Amino acid sequence: MIELQDICKTFYLGDQAVHALDHVNLKVEPGDYLSVMGPSGSGKSTLLNMLGLLDRPDRGKYFLSGTDTVELGEKQRAELRSNFIGFVFQAYHLIPRLTARENIELPLMLAGVAPSQRRQLSEEVLERLAIEDRAHHLPKQLSGGQRQRVAIARAIVRKPEILLADEPTGNLDSRSGKEVVDTLEQLNCEGITLFIVTHDADLGARADRQIKMMDGAIARELNNNQGAA
Amino acid sequence: MIRVMDIIHYSWQALSRHRFRSSMALLSMALGVASVVVLTALGEGARRFVLGEFAFLGKDILVMLPGKKETTGGMPPLTGTASRDITLQDLELLVRRTAAIKDVAPLIIGSAEVSYLQRSREILVMGSNSAFLELRQLRLAQGRNIETVETFSGSDECIIGQKVRTELFGGKAAIGSWLRVASYRCRVVGILEGRGDAMGMDLSDTVILPVSQAQQLFNSPGMFRVLIRIRPGYDIPSAKTRITELMKELHQGEEDITLVSPDSLLAAFDEILVAMTLGVGAIGVISLLVAGILIMNVTLISVSQRNAEIGLLKALGARSSDVQQLFLVEALMITAIGTLVGLAAGLALILLVATLLPGMSFSPPPWALVSAVLVALLFGLLFSWAPAKRASALLPINALQKK
Chain B
24 MIELQDICKT FYLGDQAVHA LDHVNLKVEP GDYLSVMGPS GSGKSTLLNM
74 LGLLDRPDRG KYFLSGTDTV ELGEKQRAEL RSNFIGFVFQ AYHLIPRLTA
124 RENIELPLML AGVAPSQRRQ LSEEVLERLA IEDRAHHLPK QLSGGQRQRV
174 AIARAIVRKP EILLADEPTG NLDSRSGKEV VDTLEQLNCE GITLFIVTHD
224 ADLGARADRQ IKMMDGAIAR ELNNNQGAA
Chain Z
4 MIRVMDIIHY SWQALSRHRF RSSMALLSMA LGVASVVVLT ALGEGARRFV
54 LGEFAFLGKD ILVMLPGKKE TTGGMPPLTG TASRDITLQD LELLVRRTAA
104 IKDVAPLIIG SAEVSYLQRS REILVMGSNS AFLELRQLRL AQGRNIETVE
154 TFSGSDECII GQKVRTELFG GKAAIGSWLR VASYRCRVVG ILEGRGDAMG
204 MDLSDTVILP VSQAQQLFNS PGMFRVLIRI RPGYDIPSAK TRITELMKEL
254 HQGEEDITLV SPDSLLAAFD EILVAMTLGV GAIGVISLLV AGILIMNVTL
304 ISVSQRNAEI GLLKALGARS SDVQQLFLVE ALMITAIGTL VGLAAGLALI
354 LLVATLLPGM SFSPPPWALV SAVLVALLFG LLFSWAPAKR ASALLPINAL
404 QKK
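Going down the list, the sequences are from chains B and Z. Everything in the first sequence is counted per our numbering, starting at 24 for the first residue and increasing by one. Everything in the second sequence is counted per our numbering, starting at 4 for the first residue and increasing by one.
If you're looking for bench data, these hints aren't it; they were derived computationally from the structure. These numbers come from a predicted model, not from an experiment. Glycine residues also receive a C-beta, built at the ideal position from the N, C-alpha and C atoms. A portion of the hints provided could be inaccurate.
Stated by the list, open to error - To give an idea of the chain Z side of the interface with chain B (calculated C-beta under 7 Å), a few residues: (1) Asp88; (2) His254; (3) Ala318; (4) Arg322.
Stated by the list, open to error - Taking lysine to aspartate or glutamate pairs in the DMTMM-like style, the calculated list, with each CA pair at most 25 Å apart, reads: (5) B:Lys50 - B:Glu26; (6) Z:Lys105 - Z:Asp259; (7) Z:Lys62 - Z:Asp106; (8) Z:Lys392 - B:Glu102; (9) B:Lys182 - Z:Asp259; (10) Z:Lys392 - B:Glu26; (11) Z:Lys392 - B:Glu94.
If we strip away everything but chain B, and leave its shape as in the complex, we get (with noise of 0.2 Å):
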């Protein structure tokens, strides 16, 4: 379903150029669940977000559902993030001035949904995340991990393939951090393809896959079921 061929991506520091990806191939089958793991500057983010359609590598394939995404013009990869794709970002990214549930509709909205079905799709992750009670909060009158089921909600209530999670527990405490990725793992369990960007080591572990990013490459990866690839 998600297949990276030869994926580089450079940026470039004034003269200096940092290879954020450096020829990176990674297959991930539907339903699958990833941790990517690496110290700052591996390259774990920039491969999330070349994952969401949110950057471009500099060369390499990078082909979903058969498609290869990145001869696609912006249009195309816009409505491949409306469809296949949801985030979950470590600073939440909720909008200040809109509810929770408005929050949550934003992507049904941008879609072009309907307010009623809007409505009845928010009730329902409103009612999965449990925050059913928070709905007409905004995000300041929330509290961490709160905010952080209302990205989720958010991230799901357009029922995507893929979820991608960026330190998804990294500005939570402990309990909350743990609600956060049972509700990801019970998502990824209805068959969500999971991929959990996360320097904690014990969130990592609990991940089928775990890859480890160093200088931009997939040094390793550890398969829950197979062993080290």
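Keeping the supplied structure of chain B fixed, place chain Z upon it in accordance with the hints.
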């Protein structure tokens, strides 16, 4: 594709979040629109006022002035000075030899001391004939017109304005009283109705004498103006040509008069006054331009402050065109509301001025209202285009990472 109502709702929420900033941009647009409305209303009011001043002349009336525009250059002579006077003899011949002429009212103007018993005033004295009142569309409140014969000579009669009556006669009866005009005495036979302001002349503060008497009084054989009414069924341009030729013949082949028809006069003034209205309207458009620049700045600030939001929207599936649309609608909402507020404020101000100055007719021309709205919306759109485009061009990853 985002639904229109959702775009409006989302943009409104974004504007509400920055009330002060949005209000300032809105206020600038409102001031711009209001200034266009008020300035063009003043211009239009001035135009109507001036044109109204000429309205006393019918379309079948020609005004003859001594002097020729082409020979003197520039504007037609206003003082009545020319190499050769227009005399009463000229006019007698003119009437006799031009079938197209129905009536002629010669006019001599001067200033003289007018007194009754112990009261006296230095006022405008006009010499004309019995046709003058009708040609100038003046009415009498009391009494009758002065009587003049075909040779323009008349008896010692005069008509006075309302102000002269009040100032000199007070509560006494004026009709039949003898008035002294410099060294000349005349019997008041009529009193003009109303104020009768026209072309800067206050006809309520004037005395009208038979022209022959005014000639003697001012020792002036030449006419200041001559009003000529053309007989119905006669072509005005042909009559103009005939009169010009005849006057040329009477003046030994020299074409030294100017004939003005009210239509051409009005057209010339109208042109000037419309240009003036456009000029003041353009000043208002400059305020709209400034407002447009302010809206551009506000949109730019909004874009730079909301980079993360733009990145998020793109991550959630918004296309570049969606992002551009959202920012354009925000700017257009400020523009549209500002325009409505400006229109209302401008019209309210005009209403206030109209109440304070009931004599003047202030109202913006419809084209100015339509133009103000269209130009405001156009400026709003044009000036927010570039910032909105900049927002739409942001790469989602860069936008998300910006603080």
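We went through each hint and held it up to the structure:
1. Hint on Asp88 of chain Z is violated. Least Cβ distance to chain B is approximately 83 Å, over the 7 Å limit.
2. With 7 Å as the threshold, the beta carbon of His254 of chain Z stays out of range of chain B, its nearest partner Cβ sitting at about 83 Å, so the hint is violated.
3. Taken as an interface hint, Ala318 of chain Z checks out: its beta carbon lies about 5 Å from the nearest beta carbon of chain B, inside 7 Å.
4. With 7 Å as the threshold, the beta carbon of Arg322 of chain Z comes within range of chain B, its nearest partner Cβ sitting at about 4 Å, so the hint holds.
5. About 4 Å separates the Cα atoms of Lys50 of chain B and Glu26 of chain B, which keeps this hinted pair within 25 Å; it holds.
6. A distance of roughly 23 Å separates the Cα atoms of Lys105 of chain Z and Asp259 of chain Z; the hinted pair therefore holds under the 25 Å criterion.
7. Taking the CA atoms of Lys62 of chain Z and Asp106 of chain Z, the gap is about 14 Å. The hint holds against a cut of 25 Å.
8. For the given pair, Lys392 of chain Z sits about 20 Å from Glu102 of chain B by alpha-carbon distance, which is consistent with the 25 Å threshold.
9. A distance of roughly 94 Å separates the Cα atoms of Lys182 of chain B and Asp259 of chain Z; the hinted pair therefore is violated under the 25 Å criterion.
10. The straight-line distance between the Cα atoms of Lys392 of chain Z and Glu26 of chain B is roughly 33 Å, outside the 25 Å bound, and the hint therefore fails.
11. Between Lys392 of chain Z and Glu94 of chain B the CA atoms are separated by roughly 23 Å; this keeps the pair inside 25 Å, and the hint holds.
Against the hints set out earlier in the document, violations occur for numbers 1, 2, 9, 10.
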